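Residues per chain are reported as follows:
Protein chains: 2
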Amino acid sequence: MAKTTVKIAKKNVFYAQSGGVTAVINASACGVIETARKNKDKIGKVYAGRNGIIGALSEELIDTGKEPARAIAALRHTPSGAFGSCRYKLKGLAENRAEYERLIEVFEAHNIGYFFYNGGGDSADTCLKISQLSKTLGYPIQAIHIPKTVDNDLPITDNCPGFGSVAKYVAVSIREAAFDVASMAKTSTKIFVLEVMGRHAGWIAAAGGLAAENEGDAPQIILFPEVVFNERKFLARVKESVNKYGCCAIVVSEGVRDSKGRFLAESGTRDAFGHVQLGGVALVVAQMIQEKLGYKHHWAVADYLQRAARHIASKTDVEQAYAVGKAAVEMALAGKNAVMPAIKRTSNKPYRWKIVEARLAKVANREKMMPKNYISKDGFHITQRCRGYLQPLIQGEDYPPFKNGLPQYVTLKNVAVKKKLKKSFKV
Amino acid sequence: MAKTTVKIAKKNVFYAQSGGVTAVINASACGVIETARKNKDKIGKVYAGRNGIIGALSEELIDTGKEPARAIAALRHTPSGAFGSCRYKLKGLAENRAEYERLIEVFEAHNIGYFFYNGGGDSADTCLKISQLSKTLGYPIQAIHIPKTVDNDLPITDNCPGFGSVAKYVAVSIREAAFDVASMAKTSTKIFVLEVMGRHAGWIAAAGGLAAENEGDAPQIILFPEVVFNERKFLARVKESVNKYGCCAIVVSEGVRDSKGRFLAESGTRDAFGHVQLGGVALVVAQMIQEKLGYKHHWAVADYLQRAARHIASKTDVEQAYAVGKAAVEMALAGKNAVMPAIKRTSNKPYRWKIVEARLAKVANREKMMPKNYISKDGFHITQRCRGYLQPLIQGEDYPPFKNGLPQYVTLKNVAVKKKLKKSFKV
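Chains as they are written, first to last, in the numbering used here: chain E, 1 to 427; chain A, 428 to 854.
FYI, nobody ran anything at the bench for these hints, they're computed from the structure.
None of the hints are false.
Pulled from the structure, derived: some chain A residues nowhere near chain E, Cβ distances all over 12 Å:
#1 R497
#2 A498
#3 Q559
#4 V655
#5 D805
#6 K849
Below, computed lysine to aspartate or glutamate pairings styled on EDC-like, alpha-carbon distance capped at 16 Å:
#7 K403/E <-> E640/A
#8 K830/A <-> E213/E
#9 K719/A <-> E667/A
Remember, predicted model here, so these are calculated numbers, not experimental data.
We treat Cβ as the ideally placed atom computed from N, Cα and C, and that holds for glycine.
Could you put together the complete structure from these sequences and hints?
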């Protein structure tokens, strides 16, 4: 039986970003690269995949060693994926053996001994498969998964780097917009609807609830994907809010569904030609209110703005994102394989956390849903328990440097590593 | 002939906020109230209209004297209209004499000698009518208009308080989202569309152009209301951007129209001023690209978020908003009537400005459009001249205080002034 760990030698690192990017995934990259640079006696070069795992398959590697320390440091405050990301899931070994053989060819050619994959659930699965290459195909490699997802749906870890900053953006935005609509409500707009991301999990929508600190504060209503949408109850609640507070601010998750399991966004309106108008769920909800209750509305769709908003990132999130990157290298140096640095909450008030080691087999392909007791009984808001969990994650501001009124984000040179293989590979 | 100015006596102030609110209109209110408080020997109480001019008509006045200095100071960093705004336009004297007579009744009952109206073009018109009350109905009052509008379409003044902060929000947001889409473009989203406000004027859309500092920088395309939308040319430009840079980030103004003068997206509803309520053009543009070019897209509608985003306000804008509020009181003390404090740019590099006096008759009902030479010849971007104008307006950050990860905005007590009139008035 092949060994699952290998003796630490001066091997190179392959690092890649995967899936939807975030405001802080580059902070994790920064943690990886800076920590590797501090351990030059034990670690060789840090190569990054151009556009994620595709960069490995196509042998398009980036030599991060060509970047000055200042550029690498600037990754800490630069949103998006500096090396390019991809949406590409490796199939199982049995289904696509050629892909794994190709990876080994590339890794071997470039003396890769460490594989760091920075992503969400799908990426954890990919990383797990790579971690088994020593066992399955005899190529010695240590694969470590670095958690990242705004959806906050990875198990074991207290939260997922990327989420805290989206949470902060959403809470800040709904608070600001709700102040606006409250000013306008007397003669004009009474309803404001903000659509947020999160897929099947209501974590991001729940974060909007943090803005409501006192009775009557906005948002008055949150629509979760976990709660079946009930038009009658919803409209009654909107009316109640308008009667009580003069207005109503609503956070709606993109993943909200009706009792038949259809996305509300799909049930959209039709244009003059009878075509279904595909659009945001915010629009659907706002129009429903207009039609049924006659209130004037405004709606916003934050989309990429929410996950790219580095200017209002959570300091806690930035620190944790850096820490998991740093820990990944330290785990590699400690000879670990098939693990993920996870965040463990050691105290709630004051919030304290540390990095622990999670076994990748327990992370991959498991979605962490919001606990039921995080949603209030009526289904329209968060509970105190949820607030206690979320509150620390948006703590602190970590403003990027500004010049000429604009945040200064780094664009790396991304110098290509010379290809060593003759064969190309069709991805 | 009645005098158009009155002798300065210890009269009270009526201050009201009008039209769409902004991230900094409360900074103007702060300037008014703090300056009045410094001149207690000459100025009586500062009353604010609850929900704008409606508060005057319905005798719903707020006594700002009941607010501690700390709360008033906090207005400087609080977005929205602290006293409520309204969309309500006074008709001409001949058309609705009863309204003017009612205003005089209320003003007389509360010893109002100064009328400060904080708004855009429509409000300037209202303010002008009030300024003529001494002449037309024999009631001595000094009316001073305080400029505010995110649409930046008031004449004479270098820019309109409120605009600079929206400009900064839009430039920051498109830069951040464009970094995101560039990371995703290889296997996923290639197009990002951000819809912004601005009605018939492209000022806000133009501000997005500030993010593009170097060749190829996002946004690659801006769609202005001043440029007739040409689908063929637009799609060709999108394709060119994707071929050249791998992706395309687009800022689209809500007011973009086709060759027949129709809004690309028209929701059909109208506000109290008869303006069409716009929104949803991002979706139209994104779907057009998907259908015709097949690129995967994401789109965002910033809506109220852009004008409420006090967390990323322009320091220059905040300072100017405060300054026009302060100057309004100073002009009142100098016996002025029918004027507006305007911002005058005295130097471009470095940016220097001062407050000057503009005659209200020259402000009301005139829209300042973008100069033609602010839009590039191809119609898809801004010129260097435009950049030179806009650049100073987004300078500097002025972060609000944060607590528990959230900006701390003030909600005033808004204590009602006891009504003195027996009659109510139907607005």
